[in-house]
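**Q** Numbers given in this note's numbering equal positions in the sequence shown, counted from 1, plus 1344.
None of these hints come from the bench; they were simulated from the model. Think of the CB as a built atom: it goes at the ideal place given N, C-alpha and C, for glycine as much as any other residue. Any given hint could turn out to be false.
Per label pair, the in silico range of CB-to-CB distance [unchecked claim]: (1) Val1428 to Lys1557: 22 to 32 angstroms; (2) Glu1420 to Ser1526: 21 to 31 angstroms; (3) Ala1584 to Ala1659: 26 to 36 angstroms; (4) Arg1451 to Lys1557: 20 to 30 angstroms; (5) Arg1580 to Gly1516: 42 to 52 angstroms.
Derived lysine-lysine pairs resembling DSS-like cross-links, with alpha carbons at most 25 angstroms apart [unchecked claim]: (6) Lys1654 to Lys1591; (7) Lys1583 to Lys1635; (8) Lys1635 to Lys1591; (9) Lys1491 to Lys1533; (10) Lys1382 to Lys1453; (11) Lys1382 to Lys1407; (12) Lys1557 to Lys1533; (13) Lys1557 to Lys1491; (14) Lys1453 to Lys1491; (15) Lys1651 to Lys1591; (16) Lys1520 to Lys1533.
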Amino acid sequence: MALLDEVKRELSEIDGEMVLAQKAQVTSMLRFGGGLRKSDRNIIVQAQFDSLDAAQWLQRAIKNLYGHDAMLTAVERQTPTGPVRRYMVIVERGGVALALQTGLLDRRKHQAVAGLPQELTAGNIAQIKAIWRGAFLAHGGLSDPGKASYLEIICPTDETALALTSVARRLGISAKPRQLRSSRRVTLKDPDAIERMLILMGAPRSAREWTGKRSDGEARGKANRLANFDDANMRRSAKAAAEACEKVRRAFEILGDDVPENLRAAGQLRLDHDDASLEELGRLADPPITKDAVAGRIRRLLQLADKVAKASQDADPEA
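Make the full structure from the sequences, and use the hints.
**A** Structure (structure tokens):
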């Protein structure tokens, strides 16, 4: 089971919440999962979910809290990545009453509320948590461990995005609304904030799993970066050693027998051990010398060859 499905299952299993919090969750699930639809002077309340557990929770809550029967139907549609199943909760009879009871329909103006009912956003902390829980169950997403961290909720209107951002601040969490193509979203990207929000919504088990897998992924990523770094260093070292060998061969060709013995020995070590480091060459010398001494002797060998080559060219410009 995907981690997102596990989170929604855990949230759907929450029991024993106070009635006000349960009602806040119902309103939030309906608002973010669908909303109100007019039909022949009637109002149909409906919401769609990708989680059967969430849809079943809402169906039971509507009956237990408000006394209305809700239908639950499965809907399958084709997408570019294959068939996708969604679960629709629909209240036809008593839709107007439920819309008024949940605050989705303004009693004075008798029109749909654009954001969330003010009595909910100004409610207690249990209600605020329930708002986020309901919104996440309806239209929430969570990054897979090992990828760029995010927790986000797709919002039906700008007003719902602003309301969700505002109530997140009451929980001490900074959430940012953003527009992505045609959808409005409220997003958390800080891993610590994501973990805290999962716990506040009521999914501590999933929060621990998400954090643990994310830490494992980061550790693997760091190991891969270090391995790539070491590999790059080895390639650079091999290239530098090959270039040094080529320069030493050229110096020996230019100088012939006129090479001081200590410089010749250092150059020959380089040719004989083309994949060794300067420190290793120093240990192979007889007697052993430091890597700085090896580097200095090879440098003087190349400088001497360049000097002889330049003098030869100056003496015979047409050579």
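**Q** Honestly, do Arg1451 and Lys1557 meet the 20 to 30 angstroms range at C-beta?
**A** violated (46 angstroms)
**Q** Need the status of pair Lys1491, Lys1533: alpha-carbon distance at most 25 angstroms?
**A** holds (11 angstroms)
**Q** Kindly confirm whether 21 to 31 angstroms is satisfied by the beta carbon distance between Glu1420 and Ser1526.
**A** For Ser1526 against Glu1420, whose Cβ atoms are near 23 angstroms apart, the range 21 to 31 angstroms holds.
**Q** Within a Cα-Cα threshold of 25 angstroms, do Lys1382 and Lys1453 meet the stated pairing?
**A** Holds. Lys1382 to Lys1453 sits at ~16 angstroms (cutoff 25 angstroms).
**Q** Take a quick look at whether Lys1654 and Lys1591 sit within 25 angstroms of each other, Cα to Cα.
**A** holds (15 angstroms)
**Q** Please check whether Ala1584 and Ala1659 have a Cβ separation lying inside 26 to 36 angstroms.
**A** holds (33 angstroms)
**Q** What's the verdict on Lys1557 and Lys1491, does the C-alpha distance respect the 25 angstroms limit or exceed it?
**A** holds (10 angstroms)
**Q** Check whether the Cα positions of Lys1583 and Lys1635 lie no farther apart than 25 angstroms.
**A** Between Lys1583 and Lys1635 the Cα gap is close to 18 angstroms, so the pair holds against 25 angstroms.
**Q** Please work out if Lys1651 and Lys1591 have their alpha carbons no farther apart than 25 angstroms.
**A** With a Cα-Cα distance of about 14 angstroms, the restraint between Lys1651 and Lys1591 holds, given a limit of 25 angstroms.
**Q** Check whether the Cα positions of Lys1382 and Lys1407 lie no farther apart than 25 angstroms.
**A** The hint holds at about 21 angstroms.
**Q** Between Lys1557 and Lys1533, is the straight-line Cα distance small enough, at 25 angstroms or below?
**A** holds (16 angstroms)
**Q** Is the hinted pair Lys1453 and Lys1491 satisfied, with a Cα-Cα distance of at most 25 angstroms?
**A** violated (46 angstroms)
Comparing the model with each earlier hint shows violations of hints 4 and 14; every other hint is respected.
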